[in-house]
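Participant: Single-letter residue listing:
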Amino acid sequence: MTMLALFQPGLYHLLAVSIALLTAGVAVILTKRNAVGILMGVELILNAAGLNFVAFNRYVWANAVDGQMFTLFIIVLAAAEAAVALAIFLNFYNNFDTINVDQADELQG
Amino acid sequence: MYDSLLNWLIFTPCIGAVLCLLLPADKAKNIALGTTVVTLLMTVSLALAFKTGMQGPQFVTTLDWIPAINVQYKIGLDGLSLPLVVLTSALSVLVVGAGWKIGKSPNVFMALYLFLMSGMYGVFCSLDMVLFYVFFEISLLPMYFLIGIWGGPRKEYAAIKFFLYTLAGSVCLLITMLGIYNVTSSADFINGNTWDMMALQSEAVQALFAPSGEYWYFARWAFWLTFIAFAIKIPVAPFHTWLPDAHVEAPTPISMILAGVLLKMGGYALMRITYPLFPDAASLFWECVATIGVFGIIYGALCAMAQTDWKKLVAYSSVSHMGYVTLGIAVLTRTGFDGAYYQMIGHGITSAMMFFLVGVVYERAHHREINKFGGLWLKWPQYGGWSMLGFFAGMGLPGLCGFIGEVMVLLGTFHAADRAGADPTFVYILGSFAAFGVVLTAGYILWMFQRIYMGKTREEYEHFEKPNAREYAIMVTLGIAALIFGIAPLLVFNYTHATFENLMAVIGLAGS
Amino acid sequence: MHAMLTLAELTSDQELIRKLLFCATLLPLVSSIFTLFLGTKWLKKQTGQFAVSAMAMSFVCALFAAFKFTTGDVEPFTWAIPWIPIPGREAGYLYLGLFCDQLTVALMVMVTLISTLVHIYSIGYMEGDKRYERFFCYLSAFTFSMLGIVTANGLMQLFVFWELVGLTSYLLIGFWFEKKGPQQACKKAFVMNRVGDTGFLIGFGILFAQLGGKVLLPATDGGMFDAIAAELGGKAEIMANPPMWLTIAGIGLFFGAIGKSAQFPLHTWLPDAMEGPTPVSSIVHSATMVAAGVYLTARIFPILTPAAHLFVCIIGLITLVMAACMAVVMTDIKRVLAYSTLSQLGYMILGVGSGAYIFALFHLVTHAFFKCCLFQCSGSVINMAHHQQDMRYYGGLAKKMPLTALAYGICTLTISGIGFGSWSFLSGFYSKDGIILGSYNYAHELGGWGSLFLWGPIIVAYITPFYMARSFALTFLGKPRDQHLYDHVKEAPKTMVGPQLVLALFAIISVPWILPWEHMIEMTQQSLVANGVTWIPGLHELHEAHHGIAAPLLFGLAGLLMIGVGIWMYKDGFGKAEFLLKKVPGLKILHTWALNKFYFDHLYDIFIVKMTKCFAGICSFIDKWGVDGLVNVVGLWTKGLARFTGGFDNKVVDGLVNGAANSARAGGQALRTTQPGRIRVYVSLLFVGLIIALMFALTLVAN
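Residue numbers (the working numbering), protein chains in the order written: chain B, 10 to 118; chain U, 614 to 1125; chain G, 7 to 709.
By construction, these hints were calculated from the structure, which means they are not laboratory data.
Think of the CB as a built atom: it goes at the ideal place given N, C-alpha and C, for glycine as much as any other residue.
Check before you lean on any hint, since a few could be wrong.
The following label-pair restraints were derived from C-beta to C-beta distances [as the list claims (entries may be wrong)]: (1) Thr921/U with Ala246/G: 37 to 47 Å; (2) Arg649/G with Pro766/U: 47 to 57 Å; (3) Thr921/U with Ile614/G: 20 to 30 Å; (4) Leu44/G with Arg1071/U: 43 to 53 Å.
Residues from chain U that face chain G, not an exhaustive set, calculated with beta carbons under 8 Å [claimed, not checked]: (5) Asn643; (6) Leu753; (7) Leu754; (8) Tyr757; (9) Ser815; (10) Thr948; (11) Met1021; (12) Phe1049; (13) Val1052.
Within a straight-line C-alpha distance of at most 25 Å, the following computed SDA-like cross-link-like pairs (lysine to any residue) qualify [unchecked claim]: (14) Lys50/G with Asn984/U; (15) Lys577/G with Gln394/G; (16) Lys992/U with Trp182/G; (17) Lys992/U with Ile697/G; (18) Lys41/B with Ile697/G; (19) Lys1079/U with Thr1090/U; (20) Lys220/G with Pro1037/U; (21) Lys616/G with Asn984/U; (22) Lys616/G with Lys1079/U.
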């Protein structure tokens, strides 16, 4: 394994990007109080997952298209999720005049 | 035909009871009266068809009931049961009359009463122990409600006490019955296990319960268990304390039937079950049982003397009088048995009459405090006259029905002196104490009579309305019965004679 | 049922007598029932006449039967029907029936005669009473019961009627039950009689136990107990070798007589019974009922053992002396007569006990007449004196009511036993003399302290004329002590005076004319010899000796003397007596004692009545708190046990189930803190978890 090979884009690089995305998403969720921000963090995590699927598909079972399929699903899911989440946020805003998630502790056990 | 009539006799009151509940409440009294009259007629026709010379039961119906454990529906009448059935029927009519003015839901009252009648008939007619037990228990339940609903201030206490006390006795009976059932399985000469009372009196079973028999130990226990079961019902002192409470709280008609018939179940069952089944145990323990009987006579009389509640006095007089029944049975002589039986009949008449006489006054005065009465004789001369008849019959005055039972029991007691194994001195002392009861009885009855009937009429009773025709009819009927049975005891003994002959043979005292 | 007893076929004469006696017995009953139900509605004021005519018919029947019996030379006979079965004994039954011998017919005549006279007397005496009709009902019922005793053919039948006379006596004493006195008196009479009856029942029971059904058999020729005595080897054998049980049985039976004849110690009811109307006192409590005890004792004579004889005599003697003492001090005229009755009954009992039982029965008859008459006279006085019974308010009444005084006087002489030598025109002399003769023999037999049995009756023979003369003098002689009362008194109406005079006549003639004296001595001797009574071997000789010398001196003339003393002392009131009381030491105490009836009433009240009541109270207390308390305690314990098991069930068994739920809840409570509802927390936890899971997975892979 050479240094070149090290820079040769491969699975591990993609996984590294994915981890970065995931970490960024989590960090966003943990730090943001704004609901939309959190939603964006979630999107990041989803994208990290989607990247994983594509990456593994490419490098492990190159002839298969399952990974791509799942990634497509994830994109759709993310869209749907975003739509639902935004609807919830709207309602939440209507009721509480804010979208600060710390205020949303009605379901506290 | 008569066989089925006996079945009808037992279940007609049930039909009447159902009718009472179904039809409008104001019809209930008439239905009850009609039912009791019908049963009375049935009883009379049974008595007329009864063959006096026959020892065994007549009009027998036998049906399998619970074949798995050989329980039969077996009923019949013999000399031991017939007079008591007649007493029940006759008293029933009068009791309905006495309850004519019951205010609170008369239909339920009458229905319960009619159920009670079925139970009483069943007890006196059953020839199968399980059937007997069932009827014995059935008769408790209506009584519980009759006291508990229509009773006086402490009715709940009295009803519960009556119920539990008698039930405790029933448990003893049940234990013995189960034991007997098991024992009979080992008597292979019998066709399997049996509850049939007649079969249980057979020599084969008797041999098991004899001192030499296999089950002598059991027989001794069983004797005491059944004795206690029935002693509670009689009631024998010291198992009597449910009685004063039950009587004091019960309404008049219920007191009448309780004292008149229900107590007799105990004495009847002693003669029907305990003594014929365990004669050897009975003769082993006779001194003890007889002492209990005499104790009851004296103790009941003394307690009666101390009462200031009129009805309680009469209730304790029942304890005293039923002591003669216990004594008469305990001494194991034919005269004693006859006397005890007659005492039951006589007491059935007199106690019902005494309770009714109390009830008539109570209905008007709303209290029973003896010391607050006075001069009733002056106020109602006729009522006073009949009262005297009733109370003096209870006192055992010759020519009235109380006398014959008492004197026969006394003679029967002395008669025991020459039975084998009896100590004459003990018998004499026993007889002397029993005879002394006569003085105490006179004491408390006359003292009561003086305080209630004699003297000037008190002001508060001046406005009392006279007893009406219905009340007089009941008094007069009972009074005349007291007189007739005091003069003609053979009326009863003609029916009982053959059966008692047989009973004595079973107990092993034939000819004594 | 059992084999019936076969009785001898009755001859036609016997059959006739049986029917007559039957009628005589049942007529009063019929009359009684009739007046009970129809008296107040139909008969009203005619009730008296109706009852009297029924009684008169009864008397005629009895008289005719007696006539037939004595003239026709009829054998005694018995007739019976079975009543109560007593199985397993040879008799098989208690019988109801009739036994007829000389004594029966004689007493039948006596009772019906006296009863008829008393009925007549009552028409006058009870006039205007608001329960006039009822009185005749009771009186007739009493007569029926009394006749039942007389005709009874067995001890148990006797007992039945014995109780019935007790009942009627109760009703009659308590006739004026509005007042406290009669109430107490009638109850007392009944209960004390019952005490005696208990003894009777015990005695009878012992006989029954020992002898079996023989005691139930109807009486045979010789009376109720001859057959039984014969069974035991005859009276001679009984006297020689008395079995213990027979003594007890005899004394037991005699207790019945003690109760009925008011002997010591059951004597206190009789004076109290004077609370009843005077006609009642005259028939029930002097002439007939109380004599029934003597009759019973005479009937059981054949089975009395020597010890029983002694007992009977002692009881008779005590009563005799004690009652006479009390009669001397009483001021209530009826009470004087009551104690006199007691004393005379004591004579009779002593007579039976000492063997002279024929004389005792004879005295029973004579006493019945004169005592009935005395009571009727006292009743007339009381009635006229507006129910003032105290002699302290009387005096000089002879002028106002001469006929009554005459009758009273005759009977006073009779009861005093006035005689001249061995002859008297008064029946009382003969009968009392016979009894003293018997006791003389008995004292002779016993010797030593037994002479009490001689001196007791003789002393009382002196006291009797004295207290009778006292009552006569206080009532009829001297000056009136209550002028107001005296002014209102007049001679009693004919219906009252008539019977008095008839009775006085019978008091004179009843015996010497009907039954010759010598004949009676013969009879006594025969029956005693037949019964093997050893202490009368030379009765006749003794009689000669005693009668020839002692009798006239001892009481024939002594009676006259004592009457004189009595009249002299009391003719002018109580002055002389009070003087004596002051002067003679000790007399005052005796007087007080006697006046308080020797404190027997107090004694009984404290020791018997109070104690029984106290005992009853204790019993009741024990019953309530002991026996019933035990039951309640058992109930409470059961309840307590139920509470305990209930608690166990609640806390432990159910606790397990609840515990599971509770711990789940507690767990939830603890865990809920991890669910704050903040997304950041969730997410961070998620990642922490994820990291932990990854590390765990990695360690697994690494290993």
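Participant: Hints first: check each against the structure and report whether it holds.
Facilitator: These are the hints, each one checked on the structure:
At roughly 56 Å, the beta-carbon separation of Thr921/U and Ala246/G lies outside the given 37 to 47 Å, and the hint is violated. A hinted range of 47 to 57 Å for the beta carbons of Arg649/G and Pro766/U is inconsistent with their spacing of about 26 Å. The hint said 20 to 30 Å for the Cβ distance between Thr921/U and Ile614/G, and at roughly 21 Å that hint holds. A beta carbon spacing of about 31 Å between Leu44/G and Arg1071/U contradicts the range 43 to 53 Å that was offered as a hint.
With a cut of 8 Å, the hint placing Asn643/U at the interface with chain G is violated, because the nearest CB-to-CB distance is about 32 Å. Annotation: interface hint on Leu753/U violated; nearest CB of chain G at approximately 17 Å, more than 8 Å. Interface hint at Leu754/U: violated, since its Cβ lies 20 Å from the closest Cβ of chain G, which is beyond the 8 Å cut-off. Annotation: Tyr757/U was flagged as interfacial toward chain G, and the flag is violated, the nearest CB pair being 16 Å apart, outside 8 Å.
Hint on Ser815/U is violated. Least Cβ distance to chain G is approximately 24 Å, over the 8 Å limit. The beta carbon of Thr948/U comes within 5 Å of a beta carbon in chain G, closer than 8 Å, and the hint placing it at the interface holds. Checking Met1021/U against chain G: minimum C-beta separation of about 6 Å stays under 8 Å; hint holds. Residue-level restraint check for Phe1049/U holds (minimum Cβ-Cβ distance to chain G is 5 Å; threshold 8 Å).
Hint on Val1052/U holds. Least Cβ distance to chain G is approximately 5 Å, under the 8 Å limit. About 35 Å separates the Cα atoms of Lys50/G and Asn984/U, which puts this hinted pair outside 25 Å; it is violated. Of the supplied pair hints, the one linking Lys577/G and Gln394/G holds, its CA atoms being roughly 19 Å apart against a limit of 25 Å. Distance check on the hinted pair: Lys992/U and Trp182/G sit about 14 Å apart at the alpha-carbon level, within 25 Å; holds.
Of the supplied pair hints, the one linking Lys992/U and Ile697/G is violated, its CA atoms being roughly 108 Å apart against a limit of 25 Å. Pair hint Lys41/B plus Ile697/G holds up; C-alpha atoms about 22 Å apart against a cutoff of 25 Å. Straight-line distance between C-alpha atoms of Lys1079/U and Thr1090/U comes to about 18 Å, which keeps the hinted pair within the 25 Å bound. A C-alpha spacing of about 19 Å is found between Lys220/G and Pro1037/U, which places the hinted pair at or below 25 Å, so the restraint holds.
This hinted pair checks out: Lys616/G and Asn984/U have alpha carbons roughly 18 Å apart, not beyond 25 Å. Distance hint between Lys616/G and Lys1079/U is unfulfilled; the C-alpha atoms sit about 37 Å from each other, more than 25 Å.
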